[in-house]
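Q: With the sequences and hints as input, model every part of the structure.
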Amino acid sequence: MDKQTLSFQAEVKQILHLVTHSLYSNKEIFLRELVSNASDACDKLRFEALNDASLYEDQPNLEVRVAFDKDARTITFRDNGIGMSAEEAVANLGTIAKSGTREFMSRLEGDQKKDAQLIGQFGVGFYSGFIVADRITVETRRAGAAADHGVRWTSEGTGDFQVESITRPERGTSVILHLREGEDEFLNGWKLKAIIGKYSDHISLPVLMQKEEWDAEAQQQVTKDEWAPVNKAAALWTRSKNDITPEQYAEFYKQISYDTEAPLAYTHNRVEGRSEYTQLLYVPAKAPFDLWNRDKRGGVKLYVKRVFIMDDAEALMPVYLRFVKGVIDSADLPLNVSRELLQESRDVKAIREGSTKRVLGMLESLANSEDEAERAKYAAFWKDFGVVLKEGIGEDHANHERLTKLLRFTSTHADEGVSLADYVSRMKEGQESIYVITADSLATAKNSPQLEIFRKKGIEVLLLTDRVDEWLLSHLHDFEGKTLQSVAKGAVDLGSLQDEAEKKQAEEAATAFKPVLDRLKEALKDRAKDVRVTTRLVDSPACLVVEEGDVSAHLARMLKQAGQEAPASRPTLEVNAEHALVKRLDGSAHFDELANILFDQALLAEGGQLDDPAAYVRRVNALLTTTL
1 MDKQTLSFQA EVKQILHLVT HSLYSNKEIF LRELVSNASD ACDKLRFEAL NDASLYEDQP
61 NLEVRVAFDK DARTITFRDN GIGMSAEEAV ANLGTIAKSG TREFMSRLEG DQKKDAQLIG
121 QFGVGFYSGF IVADRITVET RRAGAAADHG VRWTSEGTGD FQVESITRPE RGTSVILHLR
181 EGEDEFLNGW KLKAIIGKYS DHISLPVLMQ KEEWDAEAQQ QVTKDEWAPV NKAAALWTRS
241 KNDITPEQYA EFYKQISYDT EAPLAYTHNR VEGRSEYTQL LYVPAKAPFD LWNRDKRGGV
301 KLYVKRVFIM DDAEALMPVY LRFVKGVIDS ADLPLNVSRE LLQESRDVKA IREGSTKRVL
361 GMLESLANSE DEAERAKYAA FWKDFGVVLK EGIGEDHANH ERLTKLLRFT STHADEGVSL
421 ADYVSRMKEG QESIYVITAD SLATAKNSPQ LEIFRKKGIE VLLLTDRVDE WLLSHLHDFE
481 GKTLQSVAKG AVDLGSLQDE AEKKQAEEAA TAFKPVLDRL KEALKDRAKD VRVTTRLVDS
541 PACLVVEEGD VSAHLARMLK QAGQEAPASR PTLEVNAEHA LVKRLDGSAH FDELANILFD
601 QALLAEGGQL DDPAAYVRRV NALLTTTL
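Position one of the sequence shown corresponds to residue 1 (the UniProt record's numbering), numbered consecutively onward.
Just so you know, the hints here were simulated from the structure itself, not pulled from any lab data.
In this text, all values refer to a predicted model and were calculated from it rather than measured experimentally.
Check each hint, because a few of them may be wrong.
BS3-like, lysine-lysine: derived pairs with alpha carbons at most 25 Å apart [said to hold, decoys possible]: (1) Lys583 / Lys503; (2) Lys305 / Lys357; (3) Lys428 / Lys482.
A: This is the structure in structure tokens:
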């Protein structure tokens with residue numbers, strides 16, 4: 001192939017501009033990325049060689065070599081991994097196939113201080129070389145191809161790159177960085193070794209550098225033609241827990257997750273029995289940007305007998321724990337395991353169950369700790385990941401009870417952090433139910449008319465405002481023998497919490513008010529299923545409730561927003577017979593108008609939307625005109 005000049009994909013041009021002009025807060029990140037890429041290339045060769053051992057050619061030992069040349073001002077990363085063909089070089093180095101590029105660029109432009117992790121997170125780690133280099137040369141040959149099928153790729157990180165054929169006897173890839181002026185600090189063996197040790201100590205392949213010795217005559221360090229590993233070359237999870245420091249655990253987490261912060265918690269275990277595997281699992285301190293996308297492939301890294309198999313083995317972790325990062329290394333799974341086989345394997349099911357229990361155990365340790373700092377960690381976790389954990393209530397029946405105890409809520413008595421156990425411990429004497437209300441926002445929930453009688457009597461109500469909460473309640477019916485009861489469903493029944501005098505007064509009011517109720521039912525026959533006197537209101541004239549078993553108004557609104565049809569049902573209007581406005585209904589010349597205004601106001605008070613706002617405005621204006 002003659003030398004060709006090709007243009008970068010538009011997204012690459014934008015990324016290269018940002019890399020070369022913005023990413024200076026942590027320059028050394030290019031070392032981590034390029035060593036990691038070299039290690040990945042060796043992993044890919046090892047995987048493909050499972051079916052074709054000839055790919056190893058005459059080099060069965062996989063390794064990564066890092067060298068520098070002060071005179072040429074270059075740093076070279078060389079691996080003997082899978083390598084690339086000419087087509088792959090153009091595709092892999094000139095375009096970005098991974099989705100999320102636009103998100104990467106918008107976040108980078110919005111907060112350039114986060115550059116170090118965003119680079120790797122969006123699969124554009126190769127381009128980090130341009131942080132310190134004004135030209136990059138890549139020489140590569142795919143394993144199994146002839147020596148004259150080598151490829152040289154060159155670019156100065158501007159708008160185009162050159163590709164040409166070369167003869168390359170050895171398989172694999174060499175990435176040569178031609179450093180720009182002012183980056184000589186990286187032409188130092190001690191510095192390179194320190195950075196590689198910091199970021200790449202866990203890589204199971206040896207990362208080799210040439211040994212150096214002091215030349216007394218030249219008064220400088222000189223390199224010898226002898227290579228030695230600069231990393232421990234042992235996968236972190238295979239080492240004894242006693243030999244690993246918290247800092248090493250944290251650095252490994254950052255490497256595999258591209259997170260800037262240390263993890264919130266981690267667990268490292270070797271499991272033996274029906275299935276034998278090692279797990280190193282982390283709970284992040286902060287939620288990733290794509291946490292809410294249930295369709296995004298998530299999961300932990302899967303190894304089989306230390307051979308890398310896949311990045312996102314979602315079958316090893318339930319969807320509601322998709323935020324968990326880490327590694328699982330199985331001794332039982334076949335090396336040629338596929339995603340389809342993972343779904344059907346009994347060993348995978350055992351690993352999934354065991355890993356789920358470990359993660360929940362980590363969370364329980366934080367939530368139930370006597371250490372205030374540990375409990376604060378759980379509160380921080382809940383703030384970022386609580387909504388996702390709630391999904392498990394309906395998905396993971398085996399751990400339903402454990403998950404229920406991990407739930408936290410806001411209530412009328414506390415702004416956050418209320419567990420169901422906390423609620424039960426504070427229940428009024430004689431209280432039989434755990435009262436809840438769902439709403440679109442915390443303000444709507446707190447100000448709901450349905451809470452008035454509960455607030456008057458000092459009865460705590462849980463305020464549920466996450467979109468998943470309606471679904472949660474359909475799977476969470478009771479806790480420690482106490483049923484969960486929505487205050488916006490059915491006639492309010494406070495049982496022994498309501499004294500006999502109150503019950504008698506309510507019955508008398510319903511009887512005396514019957515003629516007005518009948519007229520209200522007639523006026524609202526197309527909008528309300530029923531109209532009745534309420535005992536739940538103190539200050540408001542009316543509220544809307546649905547009957548037990550019907551879809552709540554909140555859920556109906558969410559279904560409508562999602563473009564789905566909610567089951568047809570009409571709410572019940574409850575009126576406060578003691579309210580001045582309701583008392584003036586009887587005998588009013590504008591009875592029907594007032595009835596509709598009461599209904600509309602009750603709908604607005606619970607966060608609903610009017611079907612005909614203009615009609616509501618006309619009614620209110622007509623009454624104002626008459627009154628004034």
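Q: Take the hints in turn and mark each one as holding or not.
A: The hints, checked one at a time:
Note on Lys583 and Lys503: the hinted pairing holds, with a Cα-Cα distance of about 20 Å set against a maximum of 25 Å. Between the alpha carbons of Lys305 and Lys357 the distance comes to roughly 23 Å, so the proposed pair stays at or under 25 Å and holds. Using a Cα cut-off of 25 Å, the hinted pair Lys428 and Lys482 holds, with the two alpha carbons roughly 13 Å apart.
Figure legend: structure checked against the earlier numbered hints; every hint is met.
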